[in-house]
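> So you can see what is in the structure, the chains are spelled out below.
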Amino acid sequence: MSASLSPLPALSHPALEAVEITKRFSGVVANDAVSFSLEPGEIHVLLGENGAGKSTLMNILYGLQKPDQGEIWVGGKAVRLDGPKDAIQQGVVMVHQHFMLVPVFTVLENIVLGVEQTRGQWGQLGVLERAKPARQIQALADQLSLQVDLNAKVGELPVGVQQKVEIIKALYRGARILILDEPTAVLTPTEATELFELLRRLTQQGLSIVLITHKLKECLAIADRISVMRQGKMVGTVYPQQASESLLAEMMVGRKVILQVEKPLMQAGAPVLQTRRLVVWDDRHQPAVNGVDLTVCAGEILGIAGVQGNGQTELSEALTGLRSPAQGQIDILGQDQTGASPRQLIEQGLAHVPEDRGKNGIVKTYSLADNAVLCTYYQPPFAKKGLIRPGAIARQATQLIQEFDIRPANPRVLAGSLSGGNQQKLIMARELSRGAKLLIACQPTRGVDIGAIELIHRRIIAARNQGMGVLLISSELDEILALSDRIAVMYQGKVLETLAIAEATRERLGCLMAGMVQS
Amino acid sequence: MADVKQKPFITIGRQLITPLLAIATAMLITVPIIGFTLNWDWAKVAVTYGGLLDGALFKQYAFANTLVSAIPLMFTGLALALGFRTGVFNIGASGQFLMGATCAVFVGYAIPLPPLIHPLVALIAGAIGGGLWGAIPGFLKARFGSHEVINTIMLNYLAFFLQDWLVKNPMKDPSPTIVRTPEILATAIIPRFYDRLHWGLAIALMAAYGVGWLLSKTTFGFELRTVGSSPEAARYAGMKIGRLTVLSLTLSGALAGLGGAVQILGVDRAMPVLYSSDYGFDAIPVALLGQNQPIGVLLAAVLFGALRNGSDVMQLRSGGAVSKEVIFIVQAVILLFVAAPAIVRWIYRLKLPKSQLETAPLTRGWG
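In order, the protein sequence lines correspond to chains U and E.
Residues 1 to 519, numbered by my numbering, are exactly what the first sequence covers, in order.
Residues 1001 to 1367, numbered by my numbering, are exactly what the second sequence covers, in order.
No lab work stands behind these hints: they were computed from the structure.
Since the structure is predicted, the reported quantities are computational estimates derived from the model, not experimental observations.
Just so you know, even glycine gets a beta-carbon here, dropped at the ideal spot from N, CA and C.
Accuracy of the hints is not assured; some may be wrong.
Stretch by stretch, here's where chain E covers chain U in the computed footprint (C-beta under 8 Å, at least three residues) [said to hold, decoys possible]: (1) 160-168; (2) 362-369; (3) 381-393; (4) 453-460.
Pairs of lysine to aspartate or glutamate, EDC-like flavour, derived with a Cα cap of 20 Å [unchecked claim]: (5) E/K1240 with U/E347; (6) U/K359 with E/E1232; (7) U/K364 with E/D1268; (8) E/K1172 with E/E1232; (9) U/K132 with U/D149; (10) U/K256 with U/E454.
Build the full structure now, drawing on both the sequences and the hints.
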């Protein structure tokens, strides 16, 4: 695919070029002779699954890692990058997925941090120059018609604005080439659209942008060109006009992928989960969930949409017994289970796919088999009179490995050595294996490859078809739309509205996720 | 992906290589030190090292005495290993050892019982004493979240001074000339079977087997290990973390207390003031060198016992020029290496096998 594609009309040198980059980590080839070029003024999306080698390539371009072989060219000249400092000097700046901002500093302080100027001859002890940088930053912001209060504390700003601060910070450092790592992961759809408009304006001013993502839709919406990586190799580069979601998915995975899950109509049964006026505190004793009423019936999937950090985590913790609710009531299968322990809930028929799988979902230093019975290790047939029965556990693990296609198919390997997708399949397999009536699935496909997403989605639908009630908490709107029968949108600890899937449009959900209720 | 069909002996070999290299390197480091103190007279150096070997292994009854020295370390080492495996850093083995010894000596001299029953009751009393001393920091951690490292150290001091007071006052031998407890009754003694070697060795072996069995074969052990490996996952799986934390420190304390009891009943038979306390601290390198595995702990304890006994003869043979404290250097270097295995891997250019996760089983810091 790549060979047949002619590059953009070569009026000048590419802004940034990686030539035949190879990088190995203890025997694993993370980048295998990867070439990548960024034309001036273009938005070039780098697409690929976790572990495809995108981050390695970008780290090399940003000087964080050194390639074993290959060259980097900036503006037609070969450069040597020994660290991010060198990259920044060449005008290459990276905006990380997790912002590098000091929350208690103001916007101005954050932007000048590291390149601050001081007044007078006091050297390091001089007084911080504020007026001049403030004028420069304001000018930058005005150019891009961005409204940012330079004296606001960064920690008090919405995430979308924080990201703009990161971008201004990069521009203030003289960035000509921006590398954005998964920039929309923490944004509402509206904020994402705003970000894309901003990026467009930046390219009009001559900046070149590399955007890393695994989301197919936004990739088609914003890109001038799309390069796809798989297993350390560059699979090809396409124009969005020629591409489609299914083509990109195929390039990413290397085989045909069914993105849409078949979902037969289901008649919802009796409620399996009900909350009434539920209030849950976060770790700082602030109400993170503030009066939530939810009902999940047998045989339906209720999706909780919302930007991360609007109380979804605390809600799921309260429902699964990991955090005791401050007020309100939780009924599971018609019984009051407010404040019940995780063990009681598990025995009542709760299955839980936790949000942070590495922390809660598995014990990394345990074998796959031990993890397969993490919640039922004490029950027959896995234990008898307080003694573990390794044979029964191994049989269970072998069966789950087959059913869920977990690789490597060996019950004795350590769970921590599995890929994210296989860890998640293991958790899914375990939770669905014990005949639970209610599944609470939190971010079930976060950081998981497309193959595993496909399987996990099919399994969730299958569980629902067999009469399980499912509460699906996800910040991926596509996932919510693909699976849910009804969608509740959470914003600042409240459920703003619950929509049937038929009336849930992307736009409407987007508005609700940003806190706008239609009158 | 991990090579899934590893042969078991390769795995065992990998486990052994770091501790063995640590020991070898530590011994090697003593060569220039001893050489320096002996003015690079290599003949003398050879004699000195011969003394170390003789004292540890080859002299008559040397190995039996090495085992006698190793027995208390086996118990405290097991106590530490059990703690590490279950997520607690029990620095209080000294105090627990002392409390166990105190309880055992009291049962031994004050309560007349028939033979066989008498040592058994005294051992149980020792385990209970040590267990309660461990339960206190366990409870404080579970209930208030205060770190066990601080509290076990505090309780060490409490144990020292409590024992000191007890031995000088209510438990003092009636004879005015000696400040120690009365000797235990003959019925309470753990008998010897070969020179000074006593049946406490069998108890230590049973304790090691018991710890291994508990941790790997029982659901309770599974819970303890899960809390140790990942408290968050344990909570998710419905385990009662607080209860398990108290129990793991209690069990750890009970093992140390049992060690104190065995030492009293098998070796000392009466308790002086300032009763030995370094078994609790030496237990840390013993457990780490033994990779927190029961068999490993037993072997590491024997090594430390050998160093202890060998160093006496070493000092003697060198005509006093080489202080026996040289073995502390060995112990310290071993501890350094097993606590930071990356150093050993770096020195010997070993590669961490891909399949093996860099597990940090020692302690989880101050979380």
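> None of the hints should be skipped; say for each whether it holds.
Status of the hints after comparison with the structure:
Look at the segment 160-168 of chain U against chain E: 0 of its residues bring a Cβ nearer than 8 Å to a Cβ of that chain, fewer than three, so the hint is violated. With 5 residues carrying a beta carbon less than 8 Å from a beta carbon of chain E, the segment 362-369 of chain U meets the three-residue requirement, and the given coverage holds. Counting residues of the segment 381-393 of chain U whose beta-carbon sits less than 8 Å from any beta-carbon of chain E gives 4, enough to reach three: the coverage restraint holds. Residues of the segment 453-460 of chain U with a Cβ under 8 Å from some Cβ of chain E number 0, which does not satisfy the need for three, so the listed coverage is violated.
Proximity of E/K1240 to U/E347 is assessed by CA-CA distance (about 15 Å); at most 20 Å being required, the pair is judged to hold. With a C-alpha separation of about 6 Å, the suggested pairing of U/K359 with E/E1232 holds against the 20 Å cut-off. At roughly 45 Å between alpha-carbon atoms, U/K364 and E/D1268 are farther apart than 20 Å, so this suggested pair is violated. This hinted pair does not check out: E/K1172 and E/E1232 have alpha carbons roughly 49 Å apart, beyond 20 Å.
Straight-line distance between C-alpha atoms of U/K132 and U/D149 comes to about 16 Å, which keeps the hinted pair within the 20 Å bound. Pair hint U/K256 plus U/E454 holds up; C-alpha atoms about 11 Å apart against a cutoff of 20 Å.
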